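Q: Put together the whole structure using the sequences plus the hints.
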Amino acid sequence: MKLTRRQTLGLAGGAAALAVSGLQFTAAHAASDASTKRMMDFTGGKEPAKGKITLTAPEIAENGNTVPITVDVESAMSGDDLVESVMILADGNPNPAVATFNFTELSGKASATTRMRLAKTQDVIAIAKMKDGSVFSDIKQVKVTIGGCGG
Amino acid sequence: MAKPRVKVPKSAKAGEVITIKTLISHKMESGVRKDKQGNIIPRKIINKFTCEFNGAPVFSCDIDPAISANPFFEFNAKVNESGTFMFKWVDDDGSEYTAEKKIEVS
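Going down the list, the protein sequences come from chains F and V.
For the first sequence, the numbering used here gives the first residue as 1, with consecutive numbering after it.
For the second sequence, the numbering used here gives the first residue as 1, with consecutive numbering after it.
Be a bit skeptical, because a hint or two may be false.
[What the hints assert, rightly or not] Think about it this way: if two alpha-carbon atoms lie no more than 30 Å apart in a straight line, the pair counts; the simulated DSS-like pairs of lysine-lysine are: (1) Lys78(V) to Lys109(F); (2) Lys140(F) to Lys7(V); (3) Lys52(F) to Lys78(V); (4) Lys78(V) to Lys50(F); (5) Lys46(F) to Lys48(V); (6) Lys3(V) to Lys131(F); (7) Lys78(V) to Lys10(V); (8) Lys131(F) to Lys37(F).
[Stated by the list, open to error] Some chain V residues close to chain F (C-beta under 7 Å, calculated; not the full set): (9) Val17; (10) Pro57; (11) Val58; (12) Ile63; (13) Ile67; (14) Ala77; (15) Lys78; (16) Tyr97.
The set of hints was computed from the structure by calculation and includes no laboratory data.
Predicted model, so just to flag it, every value in this text is computed and none were measured.
Note that the Cβ used here is the ideal one computed from N, Cα and C, for glycine as well.
A: Given below as structure tokens:
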């Protein structure tokens, strides 16, 4: 597709507007309002940075009723280098809330695995909140063939 | 009847970070499903899971309806001494389910 200069400028303007309006994780789209609100409540208004946290989720979920996910945050988990909590959001579910993992020094590692329900193909977002107040996030798109809301 | 199952190593070295797996049988009724008449089936889920070691908090999870039926959690614990892990699951209706596992740490 060949873009005219006018179209290219239009695209650039649009992308810039998106970046300001919603939390922009990918070039394609911003997170939903419901997810953004939960995220901002969790982070105290801070926009998460990339890095430190890795969200592992299958590219294609065979069954939306039980999708395995793992979060892993790089941290010594001692002293001031501590992960307090990790929040998981399902951006395309009727309710984006999934779970919040709370860690302590006794966790040893800021890592957790669980199984979640995905209503349809969507982004899963993981946000880590550190003891020093910094926040990080990772996002993965999961394609769902059989939706998991039992409807 | 929610039944918990927990996997904890029987022994470990002091300072080791072990892996714990937990599972509890529970329907986790999300509150978005409808019955044949079209009425919403009310939400009834396990909304909290906690793990303590010798009385001190290790890991916990605040759970929302998007966690699958028969909630499964795998997480880690750093053990510095022998003792007992206590696991607790709390249902929306206030019921609490618990499990205990001992570990020998040398």
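Q: Was the hint right that Pro57(V) lines chain F, CB cutoff 7 Å?
A: holds, 5 Å
Q: How about Val58(V): closest beta carbon in chain F under 7 Å, or not?
A: Cβ of Val58(V) sits 4 Å from chain F, so the hint holds.
Q: Hint check: is the beta carbon of Lys78(V) less than 7 Å from a beta carbon of chain F?
A: Holds, about 3 Å.
Q: With a cut-off of 7 Å on the beta carbons, see whether Val17(V) makes it to chain F.
A: holds, 3 Å
Q: Is it true that the CA of Lys78(V) sits at most 30 Å from the CA of Lys50(F)?
A: holds, 27 Å
Q: Can Tyr97(V) be said to touch chain F, with a Cβ gap under 7 Å?
A: violated, 17 Å
Q: Check the hint pairing Lys131(F) with Lys37(F) against an upper bound of 30 Å on the C-alpha distance.
A: holds, 21 Å
Q: Taking 30 Å as the top limit, are the C-alpha atoms of Lys78(V) and Lys109(F) close enough?
A: holds, 8 Å
Q: Under 7 Å, Cβ to Cβ, is where Ala77(V) needs to be relative to chain F, so tell me if that hint holds or is violated.
A: holds, 6 Å
Q: Below or equal to 30 Å on CA atoms is what counts here, so check Lys46(F) against Lys48(V).
A: Status holds; Cα separation ~26 Å.
Q: Was the hint right that Ile63(V) lines chain F, CB cutoff 7 Å?
A: holds, 5 Å
Q: Holds or violated: Lys3(V) with Lys131(F), Cα cutoff 30 Å?
A: violated, 34 Å
The structure fails to meet hints 6 and 16 from the earlier list, while all remaining hints are met.
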